[in-house]
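Chemist: Assemble chain H onto chain L, guided by the hints.
Chains as they are written, first to last, in this note's numbering: chain L, 1 to 297; chain H, 1 to 360.
None of these hints come from the bench; they were simulated from the model. Hints may contain errors.
[As the list claims (entries may be wrong)] Here are a few chain H residues that sit away from chain L, every Cβ distance over 12 Å (derived from the structure):
| hint | residue |
| --- | --- |
| 1 | Arg106 |
| 2 | Leu178 |
| 3 | Gly183 |
| 4 | Glu267 |
| 5 | Ala349 |
[What the hints assert, rightly or not] Chain H is faced by these chain L residues, among others (derived, beta-carbon under 10 Å):
| hint | residue |
| --- | --- |
| 6 | Leu19 |
| 7 | Pro172 |
| 8 | Val179 |
| 9 | Asn196 |
Think of the CB as a built atom: it goes at the ideal place given N, C-alpha and C, for glycine as much as any other residue.
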Amino acid sequence: MAAHATPRSNESKPIAALLVVAAVAIVGFLIVVPLVSVFYEAFSRGVGGWWAALADDPDTRHAIWLSLTVAPVAVAINTVFGVAAAWLVARFRFPGRSLLISIFDVPFSVSPVVAGLALVLIFGRQGLLGPTLAWLDWKVIFSWPGLVLATTFVTLPLVVRELIPVMEAIGPEEEMAAVSLGASGWQVFTRVTLPNIRWALLHGIVLANARAMGEFGAVYVVSGHIAGATDTMPLRVEKLFQEYRQPASMAVASVLAGLALVTLVAKFIIERRLEAESRDLEAARSLENTRLEAARP
Amino acid sequence: MSIHVRSISKSFGSFRALDDVSLDVPAGTLLALLGPSGSGKTTLLRIIAGLEFPDAGSIEEDGADITERHARQREVGFVFQHYALFRHMSVFENVAFGLRVRKVPRAEVTTRVEELLRLVRLEGLGGRKPSQLSGGQRQRVALARALAIRPKILLLDEPFGALDAKVRVELRQWLRRLHDEIGMTSVFVTHDQEEAFELADEVVVMNHGKIEQQGTPDEVFDRPATPFVMDFLGNVNVYHGRVENGRAFWHGIPIDYPAYPHAQSREARVYLRPHELEISPPGAVANRLGTSLAASIVRVTRSGPITRVACRPHGSEQELHVDVPTEMARGLQIKLEPGTYVAITPRNARVFIPGPEYSI
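Here chain L stands alone, though its shape is the one from the complex (with noise of 0.2 Å):
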């Protein structure tokens, strides 16, 4: 971007200049560098080395189906969670609601660590729920539900933060339409709202996929690190670099920076999408407005 910048004056050409070498030099120590030499080490031993670190150990493999089972889990109750609250949200007006926006946002500024020791003291055996939950027989801390919590926690208000807005500007007008054309509830859901969101919708998705896939903080105190048992991907590779397993470390490592970028490719299309959509939004407000002014006497 900054090279198509096209400078006003000449005295600004070297700063310009100094910004980008700064710019790229920044973007390829931090991003850039680090990135490849994982995949690098991975592939140190060959396709067929990396593949051996993957399959060959049991446990390995039972972290990589972990995570593509919890992440989708949590995704899944957050695409649910996330429409009904920004649907609330952008529709109502009611006592409470810009708190109620706030809270939306505290696993964001709450650090992953101290939101799965918070989910411990309630669902653990010492916990507020331990006594109910050890009756019942349900394992929730150190077990699968309790990574499937800790990581619909911190990835909550991904799908909220998204669609608030679009609902918001979109408006409710063809939602009552839709009513008054006989549509019920569920068809309005499925015919109107759902289309005009869907972009903003999945982009949100993908997000919160990205961001389940990767989680370390809160799903580390919360799984109590069995190898086997309750390790995912990214505990796996602390595990495995702890143990000076290195190649083996980076060949799982190499596995969620691929993850990563696949997301990355499918963010930026939906951006795409997203912004073209926002174009016709805009390109309709505008042609009423110029109606509306040239409607006034």
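Modeler: Here is chain H on its own, set in the frame of chain L:
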């Protein structure tokens, strides 16, 4: 289908949008709800549609109480102010929506939608998205969509508000024809009195959540029931004076007001419409003492077929506005220019006694 609104009240927080409003809309009528913004006209329309529910009162359609009935079951066509077209659907799908959610067979949907697109003169545009249409075309899609479900009642919220002047007049006449052809009962909301008077069989003037007057356009225009209606219907000259023995006086000219026959004088306001004042050479004043008054012209502005003359009656500081048809102004024996002395004769005047409910 006739609509009867009985003693409807509706508040939003501390704001009283509708205050004990009753209204009858006979079957087949095209009725205009006219009023300034915040007068409650849109709220009333939404309550009739079932998009809003009243705090008190009831609504009947052909004698059946529908107050509790959900918008979905009311068989009412609603056209929104900014059309509210489904942006992700084609024009065809927009019009088909009401039929699709009713599970009408596919073939029947196609026939009906094509018939409607012909009716609103949008044949061949069924595949377009709303964003590819002009304002007037969008408006017609919104109408076709509302008509698809064969509503007994058509409700329109500021239907022409967002269109430019030429398209507006065209669509207005077209809507009138459409209403007559289909034979529905239609109610539309507007703040534009010209629109209300040109289009409607009945005009309801609203203000502060209450109905000020209901009647045919002629009734409302010729016999405004309240000072508000008088004011709202156009620029008007207002004078403060007193009324006694069934008469008020305006610059010495008596104006009958039989509603107040008492001898004790009381504060009153005299309303004179600019087009109901006559301008003539000053000599006439002497001949018609007690019916005309002398004034001098302050300002003259032409606005197409109407020439607006601002005069100052002798001995008064308040300007008096007179509208003269430009044709007639040319035929006058005097020059309409600042400084000219003229005689002003009111052809019509109205007196209102300010009541406790009256405030401007």
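Chemist: State for each hint whether it applies.
Modeler: Quick rundown of the hints versus the structure:
1. Arg106: holds (16 Å)
2. Leu178: holds (18 Å)
3. Gly183: Holds: least Cβ distance 21 Å, greater than 12 Å.
4. Glu267: Non-interface label stands for H:Glu267: nearest chain L Cβ at 34 Å, farther than 12 Å.
5. Ala349: Non-interface label stands for H:Ala349: nearest chain L Cβ at 27 Å, farther than 12 Å.
6. Leu19: violated (39 Å)
7. Pro172: With Cβ-Cβ at 9 Å, under 10 Å, it holds.
8. Val179: holds (5 Å)
9. Asn196: holds (6 Å)
In the structure shown, a violation is registered for the earlier hint numbered 6 alone.
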